[in-house]
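Next come the chains, spelled out residue by residue.
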Amino acid sequence: MSRASIAQWAKELYEDLDFSVVRRWRENNPGRKAIGYLPVYAPREILHACGCLPVGIHGGGDRLEIIKGDAFYQSYICHLPRSVIELGQSGRLDMLSGVLFPSTCDVIRNLSGMWKLLYPEHYVRYIDVPQVADPRIATDFWAGELRRLLSDLGELSGHVPGEEELRASLALYNDLRQAIRELYAARSEAPWTVPSEELYLLLRAGELIPPEEFLAKIREYLAAARAEPGRMRDNSRVIVVGSFCEQPPLGLIKTIERAGCYIVDDDFILGNRFLVEDVPLEGDPIEGLAAAFIQSAVKSSVVYEPDPEGKRTLLKAQVEAARADGVIFAAASFCDPALLDRPMLKDGAEKAGIPCIAFKFSENSGQFQQFREQAGTFSDSIKLWGGV
Amino acid sequence: MSKSREDGAKKDQSMVIQKEMIANHYKRLERVPETREPVVYTFVPGNLTELVRSFGALPVLPEINALQSGMRKKSGDYIAEAERHGHSEDVCTYVKCDIGMIKAGNIGPTGTRLPKPDLLLLSYTGCYTFMKWFELLREEYDCPTVFFHVPYQGDGILEPEHREYMVRQLHEEVIPALEKATGNSYDEDRLKEYLALSARSEDDLVAVLQSAKQRPSPIDAYFGAVYYVGPIFSAFRGTQEGVNYYKALRQEVEARAAAGLGPVAPSGPMGEEKYRLVVEGPPNWTHFREFWQMFADEGACVVASTYTKVGGTYDFGFRHDPADPLGTQADYCGGCYTNINLPGRIDMLVDYLKAYEADGFVINSVKSCNSFSAGQLMMLREVEKRTGIPGAFIESDLVDPRYFSAANIKNRLESYLQMIDARRAGLSA
Ligand code: SF4
Ligand code: SF4
Chain A
0 MSRASIAQWA KELYEDLDFS VVRRWRENNP GRKAIGYLPV YAPREILHAC GCLPVGIHGG
60 GDRLEIIKGD AFYQSYICHL PRSVIELGQS GRLDMLSGVL FPSTCDVIRN LSGMWKLLYP
120 EHYVRYIDVP QVADPRIATD FWAGELRRLL SDLGELSGHV PGEEELRASL ALYNDLRQAI
180 RELYAARSEA PWTVPSEELY LLLRAGELIP PEEFLAKIRE YLAAARAEPG RMRDNSRVIV
240 VGSFCEQPPL GLIKTIERAG CYIVDDDFIL GNRFLVEDVP LEGDPIEGLA AAFIQSAVKS
300 SVVYEPDPEG KRTLLKAQVE AARADGVIFA AASFCDPALL DRPMLKDGAE KAGIPCIAFK
360 FSENSGQFQQ FREQAGTFSD SIKLWGGV
Chain B
0 MSKSREDGAK KDQSMVIQKE MIANHYKRLE RVPETREPVV YTFVPGNLTE LVRSFGALPV
60 LPEINALQSG MRKKSGDYIA EAERHGHSED VCTYVKCDIG MIKAGNIGPT GTRLPKPDLL
120 LLSYTGCYTF MKWFELLREE YDCPTVFFHV PYQGDGILEP EHREYMVRQL HEEVIPALEK
180 ATGNSYDEDR LKEYLALSAR SEDDLVAVLQ SAKQRPSPID AYFGAVYYVG PIFSAFRGTQ
240 EGVNYYKALR QEVEARAAAG LGPVAPSGPM GEEKYRLVVE GPPNWTHFRE FWQMFADEGA
300 CVVASTYTKV GGTYDFGFRH DPADPLGTQA DYCGGCYTNI NLPGRIDMLV DYLKAYEADG
360 FVINSVKSCN SFSAGQLMML REVEKRTGIP GAFIESDLVD PRYFSAANIK NRLESYLQMI
420 DARRAGLSA
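Line by line, the protein sequences are chains A and B.
FYI, in numbering that gives the first Met the number 0 the residues of the first sequence are 0 to 387.
FYI, in numbering that gives the first Met the number 0 the residues of the second sequence are 0 to 428.
Each hint should be verified, as a subset may be incorrect.
[What the hints assert, rightly or not] Restraint ranges, calculated between C-beta atoms of paired labels, are given here: (1) A:Q369 / B:E178: 51 to 59 Å; (2) A:G309 / B:E163: 41 to 49 Å; (3) B:E163 / A:R31: 30 to 38 Å.
[As the list claims (entries may be wrong)] Pulled a few chain B residues facing chain A out of the computed Cβ check, cut under 7 Å: (4) E139; (5) Y140; (6) F146; (7) H148; (8) P150; (9) P159; (10) R162; (11) R167; (12) E172; (13) P175; (14) P342; (15) S370; (16) M377.
Derived from the structure by calculation, the hints contain no laboratory data.
All residues carry an ideal CB built from backbone N, CA and C; glycine is no exception.
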């Protein structure tokens, strides 16, 4: 398949708010369950090992009219939960047998309780990731949580995986993360060949299909990208920070790139590459998965930063790794995690002489003019003076 | 506290004690540069006051400073200051108020400079923002921080392994951090002694809160009760002063109850108790007196509230237990109101409506607080469905004066109370 046809395939999945691909999977796999999860991090390996299809729930973006969701949320709460409720209330998530709610913020946390009331037939689990600094205490706690999830899902799915099956799932997700890393590296290397719009659509499609298929698609896409290099433009290189939960509309991602900023790193759909290192395949698989989180969870707003220097130095390291010229803070309106982190991150970046701009979006933003102007000016100023 | 309120209550003994203990506490904080008493900053929900004090350290609670700044009309400027430093208008105003206060010289509620912390004890209980708040404070103070992770009661119970996880953190993380910051060793006997004092205060506090079951209620269990929970939610749980305060308060409230008296509102004793309400959500602090008076003017007495459980839920039986000094703190933290899941919060409201024979309930939804506010519209509908009692939904903020619209709130409250009248008329017809 060509790059464009893979992107087109991914776009169809992204736009299909009936989740037909998940429904088809269920029809083709009778008796097996689809389990949803909200952003950011959910241990998908366990779902997979139990024979379930992990399904990322990322709201309806700008493609969903909110009819019922607004009755659940005040105007000063971000957009994501109302569109998740809308998806649920309109029956679009009725192919799920359960939903996991990671400890991303209090909005998602409270939504877990709402879900229990709205969908008593669903398995609902709040996933409290470990926050404590001591790695032994954190690992023991997290391994306990993972075992609990394994036992619950084993019961729900009727399939309790043995160690080998668990290990196979760990290995598969290691490969998948490696492939995603390669995809990101390919974009950073030649963003004109791997446009962020395509990369993003691919990631979104990956939230809906079995990991084996996603892995194959990434490899196919990378091969297609190698075969069809794009044409380089005189753009600046930026990283986008703050979009790890509520997702920016596709139009915003396109706007940033068209305004002259190649996105060379980002935190979109961060959960799919939350573990930076491979999960060890020797020893107890649950202990291994737990330890991998403790040792190599990506630095983000949703996990406590025990290192006092951590926030100050984070963006400098990321910018250097991505050979970026600047940072765009793009946070969802009313997103506490992203917006409370922003002053610390921005301070550190600016002290390191890194140009930054910031804006807020909503997943259903439809007007991009203001973003286009901001990103365009940012790109020009970087090119002219190396910063603003 | 307001002058008129003091006059109305003829300077109750409890108020005198409270004023004194707060004044002494801030005096000690002021003298820290000379006395070198260690200082630990921590949060109201999940505060480990007995443990902190057992190390000879003085607790400082930034939320209390923020709400005091709100009451003293300083929060607007502090918030503006924080926003000038790059904080978003969208986030919790407690955090911004605190950051703004630090930037403006860290002058505390009594007008004197607050000492820097020797330790930030980040008790991560029921609120995500706490994590960011202390990460931000660490940037200001460059001092050690210890994280105490209190798992959320996602399934409505404190799971035994979560309790063990907390106890282990106390043993292996929190206590060593306190030892290091204070230079004192862990003294379990002293801790037990303090915990026993806590339980005594808790008994008296519960008696005070439950006095509202009587008609008329001798207390306002929201506006009035925020004063009552002040000591136990902050620096005084587990202290003899705290015990004295709650003993005096209970005696006064019992005397009022025996005399058939209602609560004292900002402008004096409340008239006839016309409506008995339950309130969910924190109050607004910038217009606190005005807000309370709106209720009092209508004869609306709050008989139970969830906000008064945010620093500990005692009215369902929990007491600090000296026999299990660390386990009991895990139980305490786990049960703080915002650490309880939505179905549990709804159960609590339904229970209050019944147990306190309330006519209605009001949700004050504050813009700042996702921990409280996200899901409140659903709580409203669920409580209505389960009790058959319609509720009222009002919106304001904790300490951002820009979000308090007196006219809107008054209108909303008045029409709600009229609706209660109409329902009563309908029911009796
Ligand atoms: S967008 Fe931000 S505030 Fe909203 S649910 Fe996600 S993390 Fe929470
Ligand atoms: S979000 Fe709510 S609970 Fe958390 S600090 Fe702000 S006001 Fe307090």
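Hints, one by one, checked against the model:
no., hint, verdict
1, A:Q369 / B:E178: 51 to 59 Å, "holds (53 Å)"
2, A:G309 / B:E163: 41 to 49 Å, "violated (28 Å)"
3, B:E163 / A:R31: 30 to 38 Å, "holds (35 Å)"
4, E139, "violated (11 Å)"
5, Y140, "violated (10 Å)"
6, F146, "holds (5 Å)"
7, H148, "holds (4 Å)"
8, P150, "holds (5 Å)"
9, P159, "violated (10 Å)"
10, R162, "violated (11 Å)"
11, R167, "holds (6 Å)"
12, E172, "holds (6 Å)"
13, P175, "violated (10 Å)"
14, P342, "holds (5 Å)"
15, S370, "holds (4 Å)"
16, M377, "holds (5 Å)"
Hint compliance for this structure: hints 2, 4, 5, 9, 10 and 13 are broken, all remaining hints hold.
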